[in-house]
Amino acid sequence: MYTIMMNCYNNFTFIEDKKEKKKKKKKKMKKMKKKKKNKKEEEDEGKEIIVEVIVVVAAAEAAVVVVVA
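Under full-length UniProt numbering, the first residue of the sequence shown is numbered 1, with each subsequent residue one higher.
Derived by calculation from the structure, the hints in this document are not laboratory data.
Everything numeric in this text was worked out from a predicted model, so none of it was measured.
Some clues are possibly wrong.
List of simulated lysine-lysine pairs, DSBU-like, C-alpha gap at most 35 Å [unchecked claim]:
(1) LYS37 to LYS23
(2) LYS26 to LYS37
(3) LYS22 to LYS34
(4) LYS24 to LYS37
(5) LYS35 to LYS24
(6) LYS35 to LYS23
(7) LYS27 to LYS37
(8) LYS21 to LYS35
(9) LYS22 to LYS33
(10) LYS34 to LYS23
Build out the structure end to end from the sequences listed, making use of the hints.
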(Lines of atoms letter the chains of each structure in order from A and count residues from 1; the text may use other names and numbers.)
(Lines give C-alpha, C1' and ligand atoms only; values in the text may rest on other atoms or scores of the structure.)
Protein backbone atom coordinates (compact mmCIF):
# COMPACT_ATOMS: atom_id res chain seq x y z
CA MET A 1 0.00 0.00 0.00
CA TYR A 2 2.78 2.39 0.88
CA THR A 3 4.54 1.87 -2.46
CA ILE A 4 1.31 2.51 -4.36
CA MET A 5 0.84 5.74 -2.42
CA MET A 6 4.41 6.77 -3.14
CA ASN A 7 4.00 6.01 -6.84
CA CYS A 8 0.83 8.09 -6.98
CA TYR A 9 2.59 10.91 -5.15
CA ASN A 10 5.62 10.74 -7.43
CA ASN A 11 3.46 10.72 -10.54
CA PHE A 12 1.49 13.65 -9.24
CA THR A 13 4.61 15.68 -8.44
CA PHE A 14 6.06 14.74 -11.83
CA ILE A 15 2.96 16.10 -13.55
CA GLU A 16 3.10 19.22 -11.40
CA ASP A 17 6.79 19.70 -12.28
CA LYS A 18 5.94 19.44 -15.95
CA LYS A 19 3.25 22.10 -15.54
CA GLU A 20 5.67 24.38 -13.70
CA LYS A 21 8.30 23.94 -16.41
CA LYS A 22 5.74 24.78 -19.06
CA LYS A 23 4.74 27.94 -17.18
CA LYS A 24 8.37 28.98 -16.81
CA LYS A 25 8.98 28.34 -20.50
CA LYS A 26 5.97 30.46 -21.44
CA LYS A 27 7.19 33.28 -19.21
CA LYS A 28 10.63 33.07 -20.79
CA MET A 29 9.12 33.18 -24.27
CA LYS A 30 7.10 36.26 -23.36
CA LYS A 31 10.23 37.96 -22.03
CA MET A 32 12.14 37.10 -25.20
CA LYS A 33 9.31 38.45 -27.36
CA LYS A 34 9.32 41.67 -25.34
CA LYS A 35 13.08 42.01 -25.76
CA LYS A 36 12.78 41.43 -29.50
CA LYS A 37 9.98 44.00 -29.71
CA ASN A 38 12.10 46.55 -27.85
CA LYS A 39 15.07 45.86 -30.11
CA LYS A 40 12.90 46.31 -33.20
CA GLU A 41 11.58 49.62 -31.87
CA GLU A 42 15.13 50.82 -31.23
CA GLU A 43 16.18 49.80 -34.75
CA ASP A 44 13.14 51.56 -36.22
CA GLU A 45 14.04 54.73 -34.30
CA GLY A 46 17.57 54.52 -35.69
CA LYS A 47 16.22 54.18 -39.24
CA GLU A 48 13.95 57.19 -38.76
CA ILE A 49 16.90 59.32 -37.60
CA ILE A 50 18.94 58.26 -40.65
CA VAL A 51 16.04 59.15 -42.96
CA GLU A 52 15.73 62.57 -41.29
CA VAL A 53 19.46 63.22 -41.72
CA ILE A 54 19.27 62.29 -45.42
CA VAL A 55 16.30 64.65 -45.87
CA VAL A 56 18.18 67.48 -44.13
CA VAL A 57 21.29 66.87 -46.27
CA ALA A 58 19.18 66.79 -49.44
CA ALA A 59 17.49 70.04 -48.44
CA ALA A 60 20.88 71.65 -47.77
CA GLU A 61 22.18 70.52 -51.18
CA ALA A 62 19.06 71.92 -52.84
CA ALA A 63 19.62 75.24 -51.08
CA VAL A 64 23.25 75.32 -52.25
CA VAL A 65 22.13 74.60 -55.82
CA VAL A 66 19.60 77.44 -55.63
CA VAL A 67 22.25 79.85 -54.31
CA VAL A 68 24.70 78.86 -57.07
CA ALA A 69 22.04 79.25 -59.77
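Tested hints:
no. : hint           : in the structure
1   : LYS37 to LYS23 : holds, 21 Å
2   : LYS26 to LYS37 : holds, 16 Å
3   : LYS22 to LYS34 : holds, 18 Å
4   : LYS24 to LYS37 : holds, 20 Å
5   : LYS35 to LYS24 : holds, 16 Å
6   : LYS35 to LYS23 : holds, 18 Å
7   : LYS27 to LYS37 : holds, 15 Å
8   : LYS21 to LYS35 : holds, 21 Å
9   : LYS22 to LYS33 : holds, 16 Å
10  : LYS34 to LYS23 : holds, 17 Å
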